[in-house]
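Asks: Listed here are the chains, written in short residue letters.
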Amino acid sequence: MKTIDLIQESFNSLKSNKLRTGLTILGIVIGIAAVISMVSLGEGSKISIQKSIESLGSNNLIVFPGIVQPGRGFISSGRGEAQVLKKDDVKEIKKIDNIVAISPEVQRRFQVVAETGNNRNTTILGVDVDFFTVRNMEIENGNLFTDEQIRSYSKFAILGNQIAKDLFGDVDPLGKKIKIKNLTFRVIGVLKAKGSTGFVSYDDFVMIPYTVAQKQLAGTEYFNSIAVKVDSKENIEKVREEITNRLTILHRVDEPDFTVFSQEDILSTLTSIINTFTIFLSFIAGVSLLVGGIGIMNMMLTSVTERTKEIGLRKAVGAKNRDILNQILLESTFITLIGGILGIMLGILISYGVSKFANLTTYISLKAILISVIVSTLIGLIFGLYPAKRASNLDPIVALRYE
Amino acid sequence: MVELKNINKIYKTGEIETIALKNINLKINKGEFVSIMGPSGSGKSTLMHIIGLLDRPTSGTYILDGQDISKLNDDELARLRSKKIGFVFQAFFLLPRKNVLENVSLPSIYSEIPINIRKEKAIECLKASAFPLNFIYHYPNQLSGGMMQRVAIARALMNDPEIILADEPTGNLDTKTGEIVLHTFQKLNLEKGITIVLITHEEYVAEHAEKIIRIRDGEIINEEKVKNRKILYHNNENN
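First to last, the protein sequences are chains R and F. Residues in the first sequence are numbered from 104 upward in steps of one, following the numbering used here. Residues in the second sequence are numbered from 117 upward in steps of one, following the numbering used here.
Each hint should be verified, as a subset may be incorrect.
Pairs of lysine to aspartate or glutamate, EDC-like flavour, derived with a Cα cap of 20 Å [stated by the list, open to error]:
#, chain 1, residue 1, chain 2, residue 2
1, F, Lys214, R, Asp426
2, R, Lys190, R, Asp250
3, F, Lys199, R, Asp426
4, R, Lys105, F, Glu340
5, R, Lys412, F, Asp276
6, F, Lys237, F, Asp276
Computed Cβ-Cβ distance ranges for the label pairs, DEER-style [to be verified]:
#, chain 1, residue 1, chain 2, residue 2, range
7, R, Gly389, F, Lys128, 38 to 48 Å
8, R, Tyr505, F, Lys235, 27 to 37 Å
9, F, Gly130, R, Asn496, 49 to 59 Å
10, F, Ser156, R, Gln111, 34 to 44 Å
11, F, Lys341, R, Ile107, 44 to 54 Å
12, F, Lys235, R, Thr405, 29 to 39 Å
13, R, Leu122, F, Ser156, 17 to 27 Å
14, R, Phe114, F, Ser156, 32 to 42 Å
Calculated directly from the structure, the hints in this document are not laboratory data. The beta carbon of each residue, even a glycine, is placed where N, CA and C say it ideally should be.
All chains should be built: construct the whole structure from the sequences, respecting the hints.
Replies: So, in structure tokens, the structure goes:
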């Protein structure tokens, strides 16, 4: 049987019941679109996390107090509870080569009241001068802290882009006063917007000198973390080891009572969370694809039963079992192919809509498209195989007598 | 052409065995016009299915054109059917979603006939079966029974068969249209030398053949030349 005849016969028989063919195709369209949009959402989140973490400054190491328990990831570490990082640690780290900048940080949540009367509960970050270098922050308006201001316990504040808007609205915050826990700070700068970086958004933070934060707000001499900027990627592992060794000795402990993260660690942790999530979502989407496949099988079985006589006749006029098998298989594959193409288009449309209206990053990879085309074609073959086998094995005499 | 030796066909349904054909010995020569006659249930359809390679005998030898078919697999049988045999059924079996031309062309998609000459060939077959050519784009449900059977005959001719097996071809037709069909068979037999095997339970229809083979309870009970053959087609008709 010629391929062109095969295609024509298959196409004609699908065309003869347009509604049924259409509904079956719809099942596949929904399945494929669901898979494509879920995968693109996952891929998009991964990319946006990657971007935002990288935007926090590249080649960074962050020292957290406490030990991360294996398998639990850094998020569940008790970094807030353990108190081991002090000014001496910062001094010790400064001795290490290949370090560009160090930023010890104290972090607390307080109610912030602005002169305008607006107030917000937000994160107050006690920082050193190098914070802005390490975390890649740029000033939009005003000035950064000077060394002098930090050392002299100046009550100055630099606002994240969003909190500045929340507190002051259209009023220029520069020179205005804000109150944190009965202390009055003067706003000397507003940072450029940075966007969310996974779990934290520095746009919502209020930065003040760490000296003030430690002594007058938190009443502690400890830091919540120390961020270290290394001069190049190649030196990251070396510096991480050096920090670990030096601080272990300094703390006079056998095992480190702190953890040094690199940005890659954080990235890979977040990526693995997103991967799990993507797999979960794709699995659910995959179920709908499976249901679509069952729909094909159902349709093909019905159609084969309806065409019993026709199949008998075709055999009588010379069709081989293989000719019948190929025709039924092609019909089901054709459904999934059309469904696949439409599904990809719908999936792209959904992804586009999600990124447009829900403001989530989506990324449609060629890989996702290729996989869904292959998967949908396979579904057509697999779910078409049983009906096709049944049709091709029909006894022509029985088929011709079938009522 | 067709040679059956000691053919038996036994159907098994659970424990019960039904003997459909018993020790059939039969020879049909090339260019012959033969009727197989018998009451319903006599096994004449089973015999036709075996001759038409749609079914295999339980035992015995079937030689078609010098070839023993018992050694052939399903695909080879399909190829032989496509090449040598044309079927005409009582119920026509036209595909309702194909028009006349497409129905006639159906066998050609399973044979070697090139696409570009199919239409021409189909029209030639429709002419041979006396089908009115202004109806070739009509669908089966727009045709009368007689016209449908002529389409079916044209379809049987599509692959230039050596033998046409017609199972009660006039069973669903009135006498007049039935005669047109029988006329066509006689013409094909005489003009093209196609072997015709006509299966019927009507004496009147059977008498259009040269020879009648009577079958009852799966056995051939009698084989005789038709004495007063009904001739509908005369050689000089075209002149």
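Asks: Each hint: holds or not?
Replies: Consistency of the hints with the structure:
Proximity of F:Lys214 to R:Asp426 is assessed by CA-CA distance (about 18 Å); at most 20 Å being required, the pair is judged to hold. The straight-line distance between the Cα atoms of R:Lys190 and R:Asp250 is roughly 15 Å, inside the 20 Å bound, and the hint therefore holds. Between F:Lys199 and R:Asp426, the direct Cα distance comes to roughly 16 Å. Compliance with the 20 Å bound is thereby established for this hinted pair. For the suggested pair R:Lys105 and F:Glu340, the alpha carbons sit about 45 Å apart, so the restraint of at most 20 Å is broken.
For the suggested pair R:Lys412 and F:Asp276, the alpha carbons sit about 24 Å apart, so the restraint of at most 20 Å is broken. Restraint check for F:Lys237 and F:Asp276: satisfied, since their Cα atoms lie roughly 10 Å apart, inside the 20 Å limit. Between R:Gly389 and F:Lys128 the Cβ separation comes to about 46 Å, which falls inside the hinted range of 38 to 48 Å. A C-beta distance of roughly 31 Å is found between R:Tyr505 and F:Lys235, which places it inside the suggested range of 27 to 37 Å.
At roughly 21 Å, the beta-carbon separation of F:Gly130 and R:Asn496 lies outside the given 49 to 59 Å, and the hint is violated. Between F:Ser156 and R:Gln111 the CB atoms are about 39 Å apart, so this pair conforms to the stated range of 34 to 44 Å. Judged by the Cβ atoms, the range 44 to 54 Å given for F:Lys341 and R:Ile107 holds: they are separated by roughly 49 Å. Distance hint check: the CB atoms of F:Lys235 and R:Thr405 are about 33 Å apart, consistent with the given range 29 to 39 Å.
Between R:Leu122 and F:Ser156 the Cβ separation comes to about 41 Å, which falls outside the hinted range of 17 to 27 Å. For the hinted restraint 32 to 42 Å between R:Phe114 and F:Ser156, the CB-CB distance of approximately 40 Å keeps it satisfied.
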